[in-house]
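Participant: So the chains spell out like this:
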Amino acid sequence: MKNILIATVAIMVLLIPACGKTPNNEVVIYNALDEVFSGPILKDFETTTGIKVKMLTDTEAVKTVGLVTRLIEEKDNPQADVFWNNEIGWTLVMKQKGMFESYQAESARNIPDTYKDKNGFWTGFAARARVILYNTSLVQENEVPQSILDFTKPIYKGRVAIARPVVGTMATHAAALFVNLGEAETKKFFIELKANDCKIVAGNMMAAKMVANGEIAICLTDTDDANGMMLDNKPVKMVYPDQSGMGALVLPNSIALIKGGPNQENGKKLIEYILKAETEQKLAKLPSAQMPLRAELASYSPMFNLASIKIMAIDYNKLADWLESSKKFIYDEFLK
Amino acid sequence: MNSFTKLAVIICVLVLLLPVFYMLASSFGGIDIPFITEVISNNRHWILLGNTAFIAFFTTLASMLIGVTIAVIISRFKIPLARTMEYLLILPILIPSYFMAISWVYLIGVNGLITNYLKNIFETPWMPFSIYGKLGAVFILTLSYFPLVALMTLSGLRNIDFSLEKTAWLTASRWRAFFRVTLPLVMPYIIGSGILVFILAVNNFDVPAILLTDVFPLEIFYQFSVFFRTDRAMMFALPLAAASIGAILLWYAVFKRRPLFTVGTGWKQPAKIELGTLAKLVASGFIVLMLIMAVFLPLAGLISNLDSFNTIITTLQLVSDQLLNSLTAAAIATLAALAIGITAAYIMEQPGSKIKWFLIILMALPLVMPGSALGIGLIKMYNTGALMFIYKSIWIIILGLTARYMIIPTLILNSSVKMIDPSLENAARVSGAPWHRIWLKIMIPLNKKAIIISTIIYFILALNELSVTILVAPPGFNTLSIRIYSLYHFNKNAEVSAMCLIMAFIVILLYAVLASVIFKDKNE
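Sequence order for the protein chains is A and B.
The first sequence lines up with residues 1 to 336 when you count with this note's numbering.
The second sequence lines up with residues 1001 to 1524 when you count with this note's numbering.
Negatives, chain B to chain A, calculated, CB over 10 angstroms:
| hint | residue |
| --- | --- |
| 1 | Phe1054 |
| 2 | Thr1167 |
| 3 | Pro1184 |
| 4 | Ala1300 |
| 5 | Ile1361 |
| 6 | Ile1442 |
Cut-off 30 angstroms, straight-line C-alpha distance, at most; resulting in silico cross-link-like pairs (DSS-like, lysine-lysine):
| hint | chain 1 | residue 1 | chain 2 | residue 2 |
| --- | --- | --- | --- | --- |
| 7 | B | Lys1134 | A | Lys328 |
| 8 | B | Lys1392 | A | Lys52 |
| 9 | A | Lys276 | A | Lys52 |
| 10 | B | Lys1380 | A | Lys268 |
| 11 | A | Lys310 | A | Lys118 |
| 12 | A | Lys75 | B | Lys1392 |
| 13 | A | Lys97 | B | Lys1380 |
| 14 | A | Lys194 | A | Lys153 |
In short, the hints are calculated from the structure, not lab data.
The structure displayed is predicted, hence computed values, not measured ones.
Just so it is clear, CB atoms sit at the ideal spot from N, CA and C, and this is done for glycine as well.
This is chain A alone, in the form it adopts within the complex (with noise of 0.2 angstroms):
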């Protein structure tokens, strides 16, 4: 007993030292992109520049808020260069919070402006956009929702699924429809929607794989969840809402240079790779099938082409001004 004890406390006191090492050359990035679509990005990078990326990953399961949170707790001793967010809201809650450097990407300039911070603190590339799925044995073709605003019809009663309104992009989106329905059509909307007997569940995730089994009819959810329950050949069918209407909304990735990070010069270099043309073309081809902003990238097939879509036009500003007080209404009136 004792020397299995003993062997056992050696072991590990040798396998630290390979757990902790840390190279100079190095730069550290908080990527909330998944791990297997970010991965072989940045591994390209450490091959071409011969710079050391240190990745700290989330989980959509906390709905990028490990990151966040730590960023924020770690402000006044930054340990990131680089935070990639795989949408835009906390970026916008981060850029106010005044923990981004300005950097403007020359690798960025062919993005449309409309995905950029005028001032430089992020830049957006590869979105996804959010969309309507449902069941097709569920669901005819003539009572297919057109428009998110449908949901409080009463055919739809009990019949639809959401993300909680306050984390992800379900709570971007929130914030989005008070900029462009504005505050008394979004609270009436969703006021509405509970009376609807909406169904709110954990993550978009969880919300698509319940449409995918059947456990409910239709759900609001992004692009990639909504193409990986197609990949597994379940019943669902997608739709872009609003497509005569106010448009679907469109949240890029986006990425900002932190400020007072330990590797600056780095971690301009990495976001600089991160923008660049050919990482949008990788991203677009790859399951998760996220939409090139640039016109002239291939998109991963004609359904997720940006060009296509009416989109709802949006200011990031406005935006980040109401992603509080529209978490404040949803917490105090739609989820009590």
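Given the structure of chain A, go ahead and fit chain B onto it with the hints provided.
Facilitator: Just chain B now, with coordinates in the frame of chain A:
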């Protein structure tokens, strides 16, 4: 044990608790009376609290009934494949409870396999009960947690002197002797495991979320993750923390006296009772049924997700770094927590010990407070100056894991330590044996079964821990739990299943090795 060692362990505990103290001080520095009034007057919070109380209470009750029954059957009756069944009992603890929930939704959800099968037979949607809601949450959490009770009770049943029960046979029936002599002796283990289940159930919101039921921990999540109000999150955590600590203190108050009987070395476990055919069928059938519901169905779900056996090999290559990281951190944290746990358990049982109540409350704090709070506390304490080398290394995770669950081995080992006759230690001391020899020759051997069960439970919890780990893992240092949750979101079911199966294999192997080393006596 000399005073220096006791002092060293108490200092270790205090160091582990520094982030907790920091968070308590910063959160309750300015009590927000208007907010508290608003919380109390809001009906939603009372409904959520009611849901949480319902789920935690009935999960604990059901887990204890099922767990104790299984432990008694395995330890006292001759049934086929008893040891195999015991090993299999580890699996439900290892499979994250949300997997269990998802597997059961696939089976008996609105469009589940069994639901549809029954629908075809009866031609109408028919299920005896809905998986959604509070009852469904109790059902799933019971399947996840009853093995904790079973394994801890088994450990207790093996730790007592069977000759006491045997003596009682002279004047009472076997059943009466069991209920009047043996059961009271293992009661600290049973109630202790019940408290552990209660703490885990009261803080779980993954399973209720999947089953569309809102519970009180959701409010803590909102405050932390939506509004970034750590102070308010801590206030919301107070009722749950108070309930958990209250349960632990009640347990300790009830069992504070040493049992009249003691454990020791060398005695045999009882010869197992031969059952009639029908009774054997019922007893084995009950365990098999529970294992089917808690192990085989979720496991079948996991295996069915694999494209081929190669998925396990490719996944192993994909996550080998994370697996090594997780195993290293969990192993070191387990050893540290065991060392602290057994010492704390010993200190608590010293005659005239004045700090035992205080020690229990202190050691329970990291478990009963939200994991995110502990994570933030660790960042605040260690992301600075001279301590940065800890923050940037695996040690920050080890500190977090050790602090988070250290009360669990303490409770389990306390149940065991309090059954040891102090005269054994006193005799050794009077004979001039140094303290470390007393520990190696008396304390550790006499507590070996409790040590094994603590090791397994702690190791599994440490491997699966997410809420603290995700906040403190150094860049470039990913763990398996973070990877599993992440891949699960991205619908990588095959890889997730492969990772769960790899973890299951490792933990069962560990249990088998430990058991073969310790259970040398064939009768055990």
